[in-house]
Every structure is written in C-alpha cells, then in structure tokens.
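Peer 1: Start from the sequences, fold in the hints, and give me the full structure.
Chain residues, written in single-letter form:
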Amino acid sequence: MKVSFPYMGSAIVYKKLFEFLEHEVIMPPKPTQRTMDLGVKYSPEFACIPLKMVMGTYLEAIEKGAKVLVTSGGHGPCRAGFYGDTHRNILKSLGYDDVELIIFDAPQDNWKAFWRNVQKIRNGVPWPKVINRMYTLYRFVQKLDELEKMVQKIRPYEINKGQTTQVWNEIQEKFDKIKTRKELYKVYEECKNMLLSIPTKEVDERDKIKVGIVGEIYVVMESSINFGIEEILGNLGVEVERSLYLFEWINDNLVPWALRPKRFKEIIKKGQRYIKILIGGHAVETVGHIIDFKERGFDGIVHLMPFACLPELVTQSLIPKISKEVDIPILSLPIDEQTGKANMLTRIEAFVDLLRNRKKGKTNEVLINNLQQHADEERVVMV
Amino acid sequence: MKSIYIGVDVGSVSTNVVAIDKDVNVLFKTYIRTNGQPIDSVKEGIRQLKESLGDVEVLGVGTTGSGRQLAGAILGADVIKNEITAHATATIHFVPNVRTIFEIGGQDSKIIIIKDQMVVDFAMNTVCAAGTGSFLDHQAERLKIPIEQFGDLALSAKNSVRIAGRCTVFAESDMIAKQQFGFSKAEIIRGLCDALVRNYLNNVGRGKNLEPPFVFQGGVAANKGIKAAFERELKSEIIVPEHFNVMGAIGSAILAKDYVEKNKVKTNFRGFDAADIEFTTSSFECKGCSNRCEVVKVSMEGKVIAMWGDRCGKWTNSL
Numbered sequence: 001m002k003v004s005f006p007y008m009g010s011a012i013v014y015k016k017l018f019e020f021l022e023h024e025v026i027m028p029p030k031p032t033q034r035t036m037d038l039g040v041k042y043s044p045e046f047a048c049i050p051l052k053m054v055m056g057t058y059l060e061a062i063e064k065g066a067k068v069l070v071t072s073g074g075h076g077p078c079r080a081g082f083y084g085d086t087h088r089n090i091l092k093s094l095g096y097d098d099v100e101l102i103i104f105d106a107p108q109d110n111w112k113a114f115w116r117n118v119q120k121i122r123n124g125v126p127w128p129k130v131i132n133r134m135y136t137l138y139r140f141v142q143k144l145d146e147l148e149k150m151v152q153k154i155r156p157y158e159i160n161k162g163q164t165t166q167v168w169n170e171i172q173e174k175f176d177k178i179k180t181r182k183e184l185y186k187v188y189e190e191c192k193n194m195l196l197s198i199p200t201k202e203v204d205e206r207d208k209i210k211v212g213i214v215g216e217i218y219v220v221m222e223s224s225i226n227f228g229i230e231e232i233l234g235n236l237g238v239e240v241e242r243s244l245y246l247f248e249w250i251n252d253n254l255v256p257w258a259l260r261p262k263r264f265k266e267i268i269k270k271g272q273r274y275i276k277i278l279i280g281g282h283a284v285e286t287v288g289h290i291i292d293f294k295e296r297g298f299d300g301i302v303h304l305m306p307f308a309c310l311p312e313l314v315t316q317s318l319i320p321k322i323s324k325e326v327d328i329p330i331l332s333l334p335i336d337e338q339t340g341k342a343n344m345l346t347r348i349e350a351f352v353d354l355l356r357n358r359k360k361g362k363t364n365e366v367l368i369n370n371l372q373q374h375a376d377e378e379r380v381v382m383v
Numbered sequence: 001m002k003s004i005y006i007g008v009d010v011g012s013v014s015t016n017v018v019a020i021d022k023d024v025n026v027l028f029k030t031y032i033r034t035n036g037q038p039i040d041s042v043k044e045g046i047r048q049l050k051e052s053l054g055d056v057e058v059l060g061v062g063t064t065g066s067g068r069q070l071a072g073a074i075l076g077a078d079v080i081k082n083e084i085t086a087h088a089t090a091t092i093h094f095v096p097n098v099r100t101i102f103e104i105g106g107q108d109s110k111i112i113i114i115k116d117q118m119v120v121d122f123a124m125n126t127v128c129a130a131g132t133g134s135f136l137d138h139q140a141e142r143l144k145i146p147i148e149q150f151g152d153l154a155l156s157a158k159n160s161v162r163i164a165g166r167c168t169v170f171a172e173s174d175m176i177a178k179q180q181f182g183f184s185k186a187e188i189i190r191g192l193c194d195a196l197v198r199n200y201l202n203n204v205g206r207g208k209n210l211e212p213p214f215v216f217q218g219g220v221a222a223n224k225g226i227k228a229a230f231e232r233e234l235k236s237e238i239i240v241p242e243h244f245n246v247m248g249a250i251g252s253a254i255l256a257k258d259y260v261e262k263n264k265v266k267t268n269f270r271g272f273d274a275a276d277i278e279f280t281t282s283s284f285e286c287k288g289c290s291n292r293c294e295v296v297k298v299s300m301e302g303k304v305i306a307m308w309g310d311r312c313g314k315w316t317n318s319l
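Here the protein sequences come in this chain order: C and G.
Here UniProt numbering is used: the first residue of the first sequence is 1, the next is one more, and so on.
Here UniProt numbering is used: the first residue of the second sequence is 1, the next is one more, and so on.
Errors might be hidden in some of the hints.
[Stated by the list, open to error] What follows is a list of derived Cβ distance ranges for each label pair:
(1) C:Glu-337 with G:Arg-198: 26 to 34 Å
(2) G:Thr-280 with C:Glu-22: 50 to 58 Å
(3) G:Thr-280 with C:Ala-106: 48 to 56 Å
These aren't lab readings, by the way, just hints derived from the structure by calculation.
Glycine included, C-beta positions come from ideal geometry on N, C-alpha and C.
Peer 2: Structure representation (structure tokens):
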C-alpha cells in the first residue's frame, strides 16, 4: 500500500513506522505556503488551522501517489474528533474515491475499530516481527526525543549561529537511515557526541532563562506553522521545553490506561485544579503543564493555540488567574493562516525582556546588559 | 555643536523620528505617514531632523516598531528593540510612577502593566485589529469628518449611541444602521469612542489588573473623544504625555543612549548621507534545506548590507 500521513514534528518517526510494516511510504512534504493554500482552499472557513494544514498535506501526498492516509483521531469533546470524517468527506467531494483514510481513535473508546485498523495497517507482517519492530520504533522515538531535548538546551548558548539547527537536521537524516535496534543505539551515541561537541558559551546558571511551550498538539509540534518558535526563543538565548514530545504522547495515549505512566496522571491532576472536567483537546494537559513547568523552575510559558480552538480558549481565559496564583508569566499566541512574523516577534521579544527583567530586577540597566549580550544575535534574528 | 541621540519608530501608519540630548530633552520630533514606503519615510525623517537641528554630533541611534530591522539596517542603528519595551522605557522616564500604559497605534493596540518601573505584563490585540487608529481613520473618512476634528465632535455630543463592539465589520454596519435611525454624527462618534474603549479593555485588557496612574499614548491619544471615553469607563484621570505620539521613538533613543553610554562604544550611525543613498529591498526563497526561508536582502547602492529571515544564519552570517 502506498501510505502517507500528516506531517507533524519529527515526521521520520511515522515514516519509520510504515517502513517497518513493509508499506511503500509516500513521505509527505514539510508544510509550506502551498500546503496552507491548498488546505485553506478546500477546508471549511471556520475550521482551525490544524485541519486546514493536514488537508493540504493530504492533497500534496495524494499528488505524490499516496493511496492510504493514516492519522490519529480525536478524543473527548474537541471537534478534532470530527476532523477525520471531515477530511474523508472533502477528499470524496474532490473525487478521490480510491484514497482510503484510516483513522486511529483512542483504543479505549472502541477496541473493535482499533483492532480492525491495526489489522489493516499490519499488512500481513507476522506478529513476532511486528512486536520486535514496534519495540525498535518505540526506542527510536525515545532516542530522537532525547536528542531534540538536548538541541533545545544547547541552541541558546551556541557560539556559531545556526550550528545546532544544522546538526539537528543532520541527526534527523541519520535517523532516517536506521534499520535495526543495534544501529539505533550506535547512531544515537554518535549524534549525542555531535551535539556535545558544539561550541557553546558559558552562562551562569542563574542567568539562564527557561520557557515551557504548551498548547494544542499540532501547533506545538509542527514548527512550520508556529513560526519555528523554538528556534526563535533559542536564538534569543532561551532554553525551551515543549509540553508534548512524541515519545510521551505514545506512552500517554497508545499504552492502555492501566499502564499509563504516573507522570501523565500527575499532569492531569494538576490541570484539574483549574479545569475539573474533560473539555477535549489538550486543555487540561496545557494547564497541568503550566503548573508543572513552574514547579520545575521555569521562568515563563508560551501558550500556542489555533485561532478559535475552544479548549485552548478556555485555557486562555483561565490564564490570568493561573498566572497570578502560580506566579509565572504566560504569553498566549493564537495561530492561524497569517504569515506576517513582525507582530509575533514583537510579542516574543518583549516577553523575553520581561522574563529577564523579572529574574534580575531593575529594568533599564538590565535591559542594557541584555542588549550588549544579545545585540548581535538580535540583528540576526529579528525581522 | 549639540550631541544628540536619534530614535526612530517605523510603524505601519506612521514613521516617527526624534532627537534627544543626554538629559532626554526632546530637541526634535517628526511624525510622518509611512504610506507603505518605510525606506522613504525614514530618509525623510532624517532629512527633516538635519534641517531642523543643523550641525549635530550623533552619539547613538535606536530603532523600534514593525520596521525596526529595516530602519536599523539603513541608519546603522546601535539598538534595535521591540516597541513594547521601547514604549515602556519612554513612559517610565516621563511618568515614573506609571502603572498602566494604553498604547493605541495604527495597526496594534497594547496594554503594558508596570510595577516598580518594570514591565510585569503586557498584551496586544490578537488576530484582528479592531479598535485601532486605522479603523478610526476609515470611519472619519466615511463620515466625511477630518480625523483631527473627530475628538472634539465626540465631546460635543450630549448622548452616546450604543455601537456594537466586537470587530470592525460589526461596528461599521451597526454605525450605518444607527445613522439611518437619524442619530447625529456627534452622537454616533461618541458611541464609537465608547465602543472602541469597551472593546479594547475587554479584549486586550482581558483579565488584567488595571491600576492607576494610567498613561495613554500612541497616535490615537490625540483623540479627545477616546480619552474621555477611557475616563468615563475607568472613572479615573488619564494622563496623555506631551510627546504621546512619538513615545516609541523616544524610548528607542533612550535605549540607544544608555547602551552607548554604558558600553562606551562609538555609534554605528551611517551619517546623514543615508538620506541620499539608494536603498533597495528584495527577497528570495532559500533552497538550502526544507525550511525554504524567505530571505530579505537590503542593498545600499548595489552592495548588500543586511540580510535576514534565514533560520540557520547562512545568509545573515555571510556578510
């Protein structure tokens, strides 16, 4: 089967998954302006940006020859649960009757449907092989996420601008070629050393600024739609960590409830201090992570939300209260079609100024020190 | 010969240029329509400054606003800063005990919360630009009232008409409906001012603790109708500083001054000749990797002086 999937975050992971199941994989292109144009053209106007971008990605994948599209469904009351069917209807109305859309909803919602999908995707590969390879993939995701977390901690202090990103691109290419578990561990060590050998400047632990990124999964994970916020912050000298990494998502969502890690439950519990019931999307997790980041000593939070995303809007309306009670600055950024960066950069830059000032005290003198420290970088970064 | 620091704020609607001395006295200020030509308006501002002040020694240059990068490249700025920080810096200088800044410009409106002379929180209008200078401009034009008289007319109204807030499209159709009912222009304008302030405080100031003293600045602060609407809504005095429409430029000049003084460096200022030099901006899509960044290139008489927009720094660092 010529299989493709939505592009989100480190898409090589999904590619690996289908390669391991011996499918012919059509790699969807990383979302670009064209993806957005296509998606916007063929999606309902009121839908949020993830639906539109994924729509565009599907159309581009079909252009490249994909016959089967595999995606995850929704869970709870967020309208993302309709998105699979909406996509299916749009594809049908465009005349792609021969394209199949396989939607994986949370297994605990409907075990039978889940099983049927698994059988389809399994592609006749014998079970022992499947289990073995899925375990390899599980570790693959884990190692890749570990490296990405390193990238986010090294980038703010790199001496040669852009080097970390370049190395990260190389790492992804290397990972793309991995076939076996043994290779995985070897490549992982290599890549780790590549990252560790990036020259960085010494920064006092007390001067380090850490920002947690929370929000709806697609806009948090996919850099092409969130203006590359991790890089922007990194280039401003800020360490970042996302609330979502694929490895954790797999643990939280695909591993049966009883086996769910303790951490996930803790985050949900923290979130339920403010949102008592499940309202869909990542609202409860978003709040939980805000509190968790604060407890772990982060200086600020960037909250990404697709424009008109209801669960995140609920979160946003709670933010002044949370920010005050938990005592952490939070910047909410709505994300939609617009590509103008200036406005967004203004907010981010001002936010980073605010965090630094908060950390050090007085405004102007601190600001000038920062300016000195970041003068060159800013000229490079700020558009 | 006077020693000055120059601050430039390139916004979507106006380009403001100021010169201050070392004690932050404003020696010169100008407010020019950007008209979508930021390069020309920056040059024009610099030309006017030169004409007005004669021979001066420039010790530092700061730029801010959405065109800060471009203006910085043209002038050779020492400091390129976002407008929130720049505005706060200037306001704190003129009104040291300020707690809340309302800033309404052409495209953006902001609220900046200050505590102990430190920015502790800020907000900007999200996604749509309802309730900004451009919208007022448009309505003034539609009602055939010069924008300068807008505020006075609003003050002359005895009653206010309720105009729907939300977005400008709603507001405009509601205004047209109210006009058809026969309300006077003055009443409608006062209603519009009220709606704008209500909308701004609801949306931009959502959930923020607004404490006096309040300072109102940005181009729209010239509008007495809006100021009065703020005062009615907040039941408190609203301070409009003397240089309300160029505060961003003053802030960036202060930042440049502090930077130059503290680090004892010489300015990068290209000199007043910059006003006569030919600058061109172009862009291209870099095909180096899958990011496909749009790289902006600024050339000075054919020589590339600045590039930005590439995520990896390949072009930016190539200079």
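Peer 1: If you test the structure against every hint from before, which numbers come out violated?
Peer 2: none
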